[in-house]
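Student: Residues per chain are reported as follows:
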Amino acid sequence: MTRRGSRSLVCSLAAVLLLVGPAGARAQDYPTKPIEIVVPFVPGGGTDLIARLTADWIGKKWGQPVLVVNKPGGGGIIGARAALKEARPDGYTVLMDIHTISSMHIGAWKTPQLTLADRKYAGRIVRDPMVFAVKADAPWKTLKEFSEWVKANPTELVWSTVGPSGPSRYTAYDWFTQIGVDPAKTKMVITEGAADSFTKLAGGHIVLSIHSVAEAFAMTKAGKIKLLAVLSPSRVRYLPDVPTAEEQGVIKGTRIQWWAAAAFPAATPDPIVRKWEAALAEMAKDPQFLAGAERLNMNIDYLGAAETRAFVEKEVEGYTEMATKIGIRR
Amino acid sequence: MAVLGSLLGTLVGVLPGLGPTAAIAILFPLTTVLQPVPATIMLSAIYYGAMYGGSTTAILLNIPGEVASVPTCLDGYPMAQQGRGGVALGISAVGSFFAGIVGVVALTFFAPFLADQALRFGPPEYFGLMVLAFTVVASLSGGSLVKGLSMAMLGYFVSLIGLGPSTAEPRFTFDWAPLMGGVDLIALVVGLFAISEVFLGVEEARVAIATEIRNVFPSLADLRQSFPAILRGTGIGFFLGLLPGCAPGVTVFMAYDAEKKLARHPERFGKGAIEGVAAPESANNATSSAGFIPLLGLGIPASAPLAVLLGGLLVYGLQPGPLLFQKNPDFVWTVIASFYIGNVILLILNLPLIGMWVWLTRLPYGILGPAILLLSFLGAYSVRNSMFDVAVSLVFGLVGYFLRKYQWPLAPLLLAFILGPLLEKYLIQSLSMSGGDPSIFFRRGISLALILGAAVLLVTSIALVRYTSRRVRQETAEEMAL
Numbered sequence: 372m373t374r375r376g377s378r379s380l381v382c383s384l385a386a387v388l389l390l391v392g393p394a395g396a397r398a399q400d401y402p403t404k405p406i407e408i409v410v411p412f413v414p415g416g417g418t419d420l421i422a423r424l425t426a427d428w429i430g431k432k433w434g435q436p437v438l439v440v441n442k443p444g445g446g447g448i449i450g451a452r453a454a455l456k457e458a459r460p461d462g463y464t465v466l467m468d469i470h471t472i473s474s475m476h477i478g479a480w481k482t483p484q485l486t487l488a489d490r491k492y493a494g495r496i497v498r499d500p501m502v503f504a505v506k507a508d509a510p511w512k513t514l515k516e517f518s519e520w521v522k523a524n525p526t527e528l529v530w531s532t533v534g535p536s537g538p539s540r541y542t543a544y545d546w547f548t549q550i551g552v553d554p555a556k557t558k559m560v561i562t563e564g565a566a567d568s569f570t571k572l573a574g575g576h577i578v579l580s581i582h583s584v585a586e587a588f589a590m591t592k593a594g595k596i597k598l599l600a601v602l603s604p605s606r607v608r609y610l611p612d613v614p615t616a617e618e619q620g621v622i623k624g625t626r627i628q629w630w631a632a633a634a635f636p637a638a639t640p641d642p643i644v645r646k647w648e649a650a651l652a653e654m655a656k657d658p659q660f661l662a663g664a665e666r667l668n669m670n671i672d673y674l675g676a677a678e679t680r681a682f683v684e685k686e687v688e689g690y691t692e693m694a695t696k697i698g699i700r701r
Numbered sequence: 038m039a040v041l042g043s044l045l046g047t048l049v050g051v052l053p054g055l056g057p058t059a060a061i062a063i064l065f066p067l068t069t070v071l072q073p074v075p076a077t078i079m080l081s082a083i084y085y086g087a088m089y090g091g092s093t094t095a096i097l098l099n100i101p102g103e104v105a106s107v108p109t110c111l112d113g114y115p116m117a118q119q120g121r122g123g124v125a126l127g128i129s130a131v132g133s134f135f136a137g138i139v140g141v142v143a144l145t146f147f148a149p150f151l152a153d154q155a156l157r158f159g160p161p162e163y164f165g166l167m168v169l170a171f172t173v174v175a176s177l178s179g180g181s182l183v184k185g186l187s188m189a190m191l192g193y194f195v196s197l198i199g200l201g202p203s204t205a206e207p208r209f210t211f212d213w214a215p216l217m218g219g220v221d222l223i224a225l226v227v228g229l230f231a232i233s234e235v236f237l238g239v240e241e242a243r244v245a246i247a248t249e250i251r252n253v254f255p256s257l258a259d260l261r262q263s264f265p266a267i268l269r270g271t272g273i274g275f276f277l278g279l280l281p282g283c284a285p286g287v288t289v290f291m292a293y294d295a296e297k298k299l300a301r302h303p304e305r306f307g308k309g310a311i312e313g314v315a316a317p318e319s320a321n322n323a324t325s326s327a328g329f330i331p332l333l334g335l336g337i338p339a340s341a342p343l344a345v346l347l348g349g350l351l352v353y354g355l356q357p358g359p360l361l362f363q364k365n366p367d368f369v370w371t372v373i374a375s376f377y378i379g380n381v382i383l384l385i386l387n388l389p390l391i392g393m394w395v396w397l398t399r400l401p402y403g404i405l406g407p408a409i410l411l412l413s414f415l416g417a418y419s420v421r422n423s424m425f426d427v428a429v430s431l432v433f434g435l436v437g438y439f440l441r442k443y444q445w446p447l448a449p450l451l452l453a454f455i456l457g458p459l460l461e462k463y464l465i466q467s468l469s470m471s472g473g474d475p476s477i478f479f480r481r482g483i484s485l486a487l488i489l490g491a492a493v494l495l496v497t498s499i500a501l502v503r504y505t506s507r508r509v510r511q512e513t514a515e516e517m518a519l
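Heads up: the sequence lines are chains A and B, in that order.
Each residue of the first sequence is one higher than the one before, starting from 372 at the first, in this note's numbering.
Each residue of the second sequence is one higher than the one before, starting from 38 at the first, in this note's numbering.
Any given hint could turn out to be false.
[Unchecked claim] Distance condition first, Cα-Cα at most 20 Å in a straight line; then the derived EDC-like pairs of lysine to aspartate or glutamate:
| hint | chain 1 | residue 1 | chain 2 | residue 2 |
| --- | --- | --- | --- | --- |
| 1 | A | Lys-456 | B | Asp-212 |
| 2 | A | Lys-558 | B | Asp-474 |
| 3 | B | Lys-184 | B | Glu-304 |
| 4 | A | Lys-623 | A | Glu-692 |
| 5 | A | Lys-556 | B | Asp-474 |
| 6 | A | Lys-515 | A | Asp-612 |
| 7 | A | Lys-481 | B | Asp-212 |
| 8 | A | Lys-432 | A | Asp-400 |
| 9 | A | Lys-481 | B | Glu-240 |
| 10 | A | Lys-558 | B | Glu-461 |
[Stated by the list, open to error] Selected chain A positions facing chain B (in silico; Cβ < 7 Å):
| hint | residue |
| --- | --- |
| 11 | Val-440 |
| 12 | Lys-442 |
| 13 | Gly-444 |
| 14 | Ile-449 |
| 15 | Val-529 |
| 16 | Ala-555 |
| 17 | Lys-558 |
| 18 | Val-560 |
| 19 | Ala-573 |
| 20 | Gly-574 |
| 21 | His-576 |
[What the hints assert, rightly or not] Which residues of chain B face chain A? A partial, calculated answer using Cβ under 7 Å:
| hint | residue |
| --- | --- |
| 22 | Gly-201 |
| 23 | Met-217 |
| 24 | Leu-222 |
| 25 | Arg-421 |
| 26 | Asn-422 |
Keep in mind that the hints were calculated from the coordinates and are not lab data.
Quick reminder that beta carbons are idealized off the backbone N, C-alpha and C, glycines included.
Chain B on its own, in the form it takes in the complex (with noise of 0.2 Å):
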């Protein structure tokens, strides 16, 4: 069953726009024929490997099939025309391994325990936490501030689009039901950045993406380079993880920024720096796999595709808590050591595969393009089986196409969609809380403490901005592509 729903989770999460959520609403029908143990490890495979196969159309043809893989596109991309496309995924599949291992050890050990201390994040706490987040939009602006700043609060404005996350109130709906709902974030990913990939593609009349694979294993100094970017981006995405609504579309942006910071030539990043690909890919497993401490422990999903596999355990009779833990530890347990074979299993799968999955990148551009294409709009449109869905992610196809032909960085944008409305909510949840006194985010350690990191933060942001948008201009006037 792990075998099984690795491979077709992976296959799926290739699938450019068919990210974790998509393949696990996908493939739960056929989950159902099955008794509950073997669907639910049948289940958690197809995210794995979902997860996992997001990385590969990020690094090879420069598409993140879901946000977590935006990052990996960073640095993975420019290896992948420099020839160490195989690397780049070697390295991921082995991040990804060994934060998956780490994440499921510690929910072995940890999971009942861990699962109280995410209760102590109330609203204050969220809010500082999205704060620190918003701080990566900085260094996420490629070379200008500006820009970047600009995209922040266009993404902000098109997450206002919809009822409002606290009032219900209709913001910028002009009185047309389907835009109550919102931008959805999948059409919108999917548009920003398959879409217009297949728009420039055609523009510059692609003959294929090939890109030549000379090595997929990582040599001894690739790893030894990688290594301590794999252990950060693990205990980031595994600690961020825990809190409840911390999704790997989040830490993922926090491993790479660390790294960026942490890095001696901050300017290789963006280039095809080894670490820029190691830190998120390893943060994106921890988070998932940490993700599961909430869910299984107090039955709380973090994101998407987990509300969604919260559901399949629900069907099959199971009621994640801390009861589960007393009430059906054989289930529990068989869960967990499926984990570890299941990770076994992607590790094995996905060396040797890579070579398939390069030969998938070297179609000919007029099979592979309306392939994306087709792909991208059924992916839009499975999220939430609407059409406007699909209009939608046309759209913002052919925005992603302008920005990015001008060189506008386009994850700021895609950050501030997804963490504006969070830090709305919290910042009216806090308010609340208060009676409206804004003293609360002060008078609490954690969230007090996280808002002053922020500021600390936002401060080297700027200063490592400033300095690594002087040192491109030194090298080279090609700015950042994403």
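Next comes chain A alone, as it looks inside the complex (with noise of 0.2 Å):
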């Protein structure tokens, strides 16, 4: 390379850091610059849709930008390091923390790279239950009957997960436990996510997706998938003609469900992130939040900081038994 070369490098390389841009600032006068609300996956899904939302409503509050900043890659590790190791713990930049990066994450490893410890969370903002879907001219109306076939032929039952240790392969196993058939009989197949999953339902290509009630919202609705039962305490407002599991005498007790809350670095000041807890509760309640989140589907169900952690450490907990009961924990 000549030097002028090396040269243009330099200065091209400098452009960049500058526009990444420098942090630092005190906690009385927060915010005083714009905001980073990272979300460790693509535009587009549920966890983007809720930060979109969240920097939409914190951003007219505040009177700054709260940016969306996505950082895609390693099921989600890679942006939940970036914004909980790597970035300043200023406050300005926010983790859109999701079950499958902490208490999934920390139940499925012995060494997770990413514990609670190095969290501080502001507050839940969202929660939603998971749906059994098959094809829409399934012949089974009901759960139940639905298990009874499973029983009798588990060798027929093609079934869809995220990933290996996702939520539908808990959810599925704690099922298969609790109607008693092998797991190892049945057939699962990995797909990229609820789209994905939902456009091979459709196209008759496996038997059974579950996925959360708002990635199944649209192709319900379309009719091309129908749903069997809801996996939540008691029936969901958005399909009040879906039961619940628990209700069908499935499954019993609800154990996995989508959620996303905002998490800062362990080292963020408090008064921060008391802050942002004051102002995501309030934003639990105005209508006008309420109004998109409904557009978009979402079960908004917020939670404040200490019952946040309370309830993601619960999740650990359980995540850590199935974990190990499936035999996936390593």
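From these two lone chains plus the hints, build me the complex, please.
Tutor: Right, dumping it as structure tokens:
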């Protein structure tokens, strides 16, 4: 490379670094500059949408731009690490934390990449139960009927999960254990996400998909798939006709659900986290925000900082136990 | 909105390294101030514009802005070197316009129906499609099949880095966190094609890349020669584009390959054959338009930029899916109408603007080189907001520089990088479905037909490569640049 070439290289790198921007501010007059919400997934998914909705509301409230930054890869761990470990703990970097990169990850690994000690929660924003979905013209009407069929024909059951330690697998194994089916006899297909699963389900390539309510909503309303049960203590507002699994006497207790919470690096000053907690509490009651969430079929379910932590801790216990039982804890 | 979007999209698309994904991602915040309908129109126009803009740098500078522009380089750049850059751009605009309009007409009439047909493609069918796509490697190898296959192996190896698509098991990461996310496609493309180009330029001490533009408007003879290619490119791009997950990056290669196989003188390809520009450019736009059918009809984004677009729609409170046509007919039809307008605008905008893009390339290399480098780094950075990707693009810039210097073809590397993980994913999914029984690929009609088609194509490709390389050796010792 010539000297001119290397100099221009340095200039270009410097310009990129400038764009990344410096950080640093005090807690009392927070926020004084734009805040970044890190979404550790590609744009368009549930975590991304709730982050954008939150960013919009918080940005308007504090009169500072709140930007959503997508850092996908490594099943969410890359972005989570960037937000919790590599970012400055000054309150200007927030992680939109969800079950797969926190409680499930910690439950599945003996030495997880990130632990609860790396986070400070400001509050849980949304919670969404899982549903059992089959093709719209499938012969079963209830989860009870379906479970009977699976008991009789376990090798016929082709079901999807997003990853080997994803929520679908935990839910399916919970169900298999409770109805007495050997999971090894069934056929598990790993898909790229809920949209991918439901396409394969609607096309008749797989028999069962287990995903969250919001993810299943569009295909259900379009009449491409039907929901046999919702895994929730009570029925869901958006799907009043879908009975819960417990109601049908099939699966006891609800241990797996989708949720998203705002998390900060562990060293973030408490006053900043408390300011966020208060703002999120206010947001969760705001009719305009709720209307936005309704459009996305998101079940807003706010929990304060301490409650969120207790909730996640309890999930970690549950997932650790389940992962050990399934034999995927390593 | 459509005018503004097309213009902005083209501008960002023209900038090397910034493809449609980056263009939509960068300009997305701009649209949030608008109402849902104008915002969606603008986002779609940015997408179309960026898709089109990529061809400008491919032709004039030999730098593909995104994967879909790679085949355009193969013949577009030689055309530019022969002083026919304007014609290449012109035919690309005409082909894109034609394909865009065909795509939108199909979208208007068949979207709900076609969206349903796509569902018949399950993992075994996609596996067959990927096998078919892999046969393209043979004909992208330039003179040497050995070099081509080696590069494909290298591309596949690079794609293995990161978490496996099915098991999420780390591979070749050496327990180093940044490698867990794998090598980003954009960083790879920018490095291999844009940064290496700057290095080559610096080495050759280029003054400017200036190419003479004699004619902007293609002659009647050019049009007559390209028309069948435009038709075929549109057909291939459109029908494959209907399949969710089939991005322009795949269909353009297939369209280019088809032209090369059908041509009476395949040795012309890679040296400035106008069909070699017309076919992939048409396929590119046809795939982009066709991608809207699974997107609006089923809510399934076929490619990364469409995924960003889907996110945009959802934020505006519009849930794509078959219901969208019943629930928000005004929205759907307004957006579709805007696609027609957008395509016309692109044609009107781009034919006269070609002169301006050409002027851009006349800038002294001392300014253009660093500018390309800066934009390349920005492009690599902006996809995942990661400095690691900038470093990756730099590494691949060096790799690409040496490979090009010693005439190792880059296109097979890229193709294998894209298709390798998909092939693996569909293989594992298919075998999971059948409980490990490989006969699943032969028991299903569509997948069987695709695999048989691949076998036939492979034999033809190898024969063609042999034939071409013999001709190449006879006539000149020079090999294809890509």
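Student: Which numbered hints are broken by the structure, listed smallest first?
Tutor: Violated hints (numbers, rising): 9, 16, 22, 24; every other hint is consistent with the structure.
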